[in-house]
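Protein chains: 2
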Amino acid sequence: MVIPGAALSLVRRPDTAFVIHGRSEECLPLLDQHPALKAVTTFVHSDVAIRMDDKPSQALRQGRYKSSMWRALDSVKKGEADAAVSAGNTGALMAMSKFCLRTMAQVDRPAIAAIWPTMKGESIVLDVGATIGADARHLVDLAIMGSAMAQIVFDIDRPSVGLLNVGVEEIKGVEEVKSAGRILKETNFPHLTYAGFVEGDDIGKGTVDVIVTEGFAGNIALKTAEGTAKQIASYLRSAMSRTLMAKIGYLFAKGAFDALRAKMDPRRANGGVFLGLDGIVIKSHGGTDAMGFAAAIDLGYDMVKHDLLSKIRDSLEVNFPNAAAEAVASPETSE
Amino acid sequence: MVIPGAALSLVRRPDTAFVIHGRSEECLPLLDQHPALKAVTTFVHSDVAIRMDDKPSQALRQGRYKSSMWRALDSVKKGEADAAVSAGNTGALMAMSKFCLRTMAQVDRPAIAAIWPTMKGESIVLDVGATIGADARHLVDLAIMGSAMAQIVFDIDRPSVGLLNVGVEEIKGVEEVKSAGRILKETNFPHLTYAGFVEGDDIGKGTVDVIVTEGFAGNIALKTAEGTAKQIASYLRSAMSRTLMAKIGYLFAKGAFDALRAKMDPRRANGGVFLGLDGIVIKSHGGTDAMGFAAAIDLGYDMVKHDLLSKIRDSLEVNFPNAAAEAVASPETSE
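Protein chains in written order, with the numbering used here: chain A, 557 to 891; chain B, 557 to 891.
Next up, chain A with everything else stripped away, as it sits in the complex (with noise of 0.2 angstroms):
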């Protein structure tokens, strides 16, 4: 789906240029069958390629300088590329960026960020699973990254940011959660708005722009939504063919229902964007089509004709202020 993605997301943006990795014998075939991407594409060949089941440590033993993936995060590392998208193992790719592209200067670990269907629209979440707990300052990161994202991708200027949390007062071991909101309420950070604490279910009602939280409770929110998404169509289809007056009505209203499909579509906002490194990458579902490939290099397109990482570091040297980094300093006090 690489390759015929990379055709379709050309016809939607036809300035982009492409330096693809991979086996050539594989994917040279196929670029001949898209002759206007082909003449925009500098192919590279790799002899090996990381699996989808290789540990990262395994990926990075193996592939690095010689696997595809290693190579296309090396292109933008080397000013060949300007972002990196890639269908591949997640666990690896993430390992790889981190060596290849290095954090940012003021970002001690990088996040994953999805974009999330509301009821409003659409929502961006991290940490979806880069990396597994958090302390205050690395939420309160995690809420200037995802900020300067939601402006490229929702076109706003101070997109409102809420802090995950559970609905239960005066509870040991959200501490870190607790801070980072002391230090989003009292410093004015110019490019968000701080909307308090959200829980689970705000993050479908849309109920802000960005949802902030810890990478182990941010994937488990975002595959629990996949599961429960799945389980509801599969009820609806089996409801509408459990009578004969419901496929009747299936019939009638099959527009409908071809919108509602359309609509939670997961090809739509597909691609999980890396924050936090010294490059754009773009972490594509595994398991998606042309069409959601090509989502997820649109998605790249527009981090980088927005310039996402500026954005990400200015916010980061502007809006952290020493009163910020002493409020983390700070011992905690309950409520």
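Rather than coming from a laboratory, the hints here were simulated on the basis of the structure. Hints are supplied without guarantee of correctness; some may be wrong.
Intra- or inter-copy, both count: the list cannot distinguish identical chains.
[Claimed, not checked] With a cut-off of at most 25 angstroms between alpha-carbon atoms, the simulated BS3-like pairs for lysine-lysine come out as follows:
hint, residue 1, residue 2
1, Lys819, Lys786
2, Lys861, Lys654
3, Lys786, Lys611
4, Lys611, Lys734
5, Lys803, Lys676
6, Lys741, Lys611
7, Lys633, Lys867
8, Lys786, Lys810
9, Lys786, Lys676
10, Lys654, Lys803
11, Lys819, Lys761
12, Lys819, Lys803
13, Lys761, Lys786
14, Lys622, Lys611
The structure displayed is predicted, hence computed values, not measured ones.
Start from chain A and add chain B according to the hints.
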């Protein structure tokens, strides 16, 4: 909804007797409308009612000994009731339950277990928010307690148990989950089948009978799924009212939509079970109606009839041999 709910549950389980705690001026007129319930009810007047937005510490300060919530729990402690059911403030109910009923000797911290509708039927997910953070031993306790509950709810001997994890290998911070996995694998617990790690989307798939997770992630998962279900229901409603054809289709398929609505009805599986306490406490959803509250009472009834507490106690004593305790104490080895 409490009194009509109790009346409804009594029809289904006619050997129940009730002790109802509340304000007499509000409750007695309602009780008069349900003579069958009134005949098996001891009513106890309480002046103090815990509010939904009271913090747990506040509730304890103002409501201990004298609130209807406390007294309902105290009825269980004194043996006047076999289970307490409340649709009140979750945090307050848990704090009071710990204070009034105490945790079981073998359990450090209680948990809340939810019954989760899946593509295959139902699963039990715990902890959905009683305690934040969990070490390996607590996760194993959750597995044992959840399995005891699953034996009753699903009427099976050896429920399958999965540990909720993220799909990223070799990542820091989930040592507790890995360590709990090793214990569950190495210790052959007779009343459960350990099925390994599961991810967020496995919950809706019904991959296992019992999903074990720490309370923060569990609460986020539960709320996120609720949010996603509401979001899709709203998409569906709007799709079905958009065009005339869709409206006609809806009329034909109304029976199917009603069946779908019934299937997704959160009242069907209403009731979080508090586990690890020296007494049975069921938390009904706050925003439910008589039908939902009746489901919570039914659940409490079943837990009593099948002696949940003994099942848990026996499992904890028999199933946690020294080998497991040593595995917990031994230093973590990475995989």
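Can you list which hints this structure breaks, lowest number first?
-> Per hint list: 3 and 10 violated.
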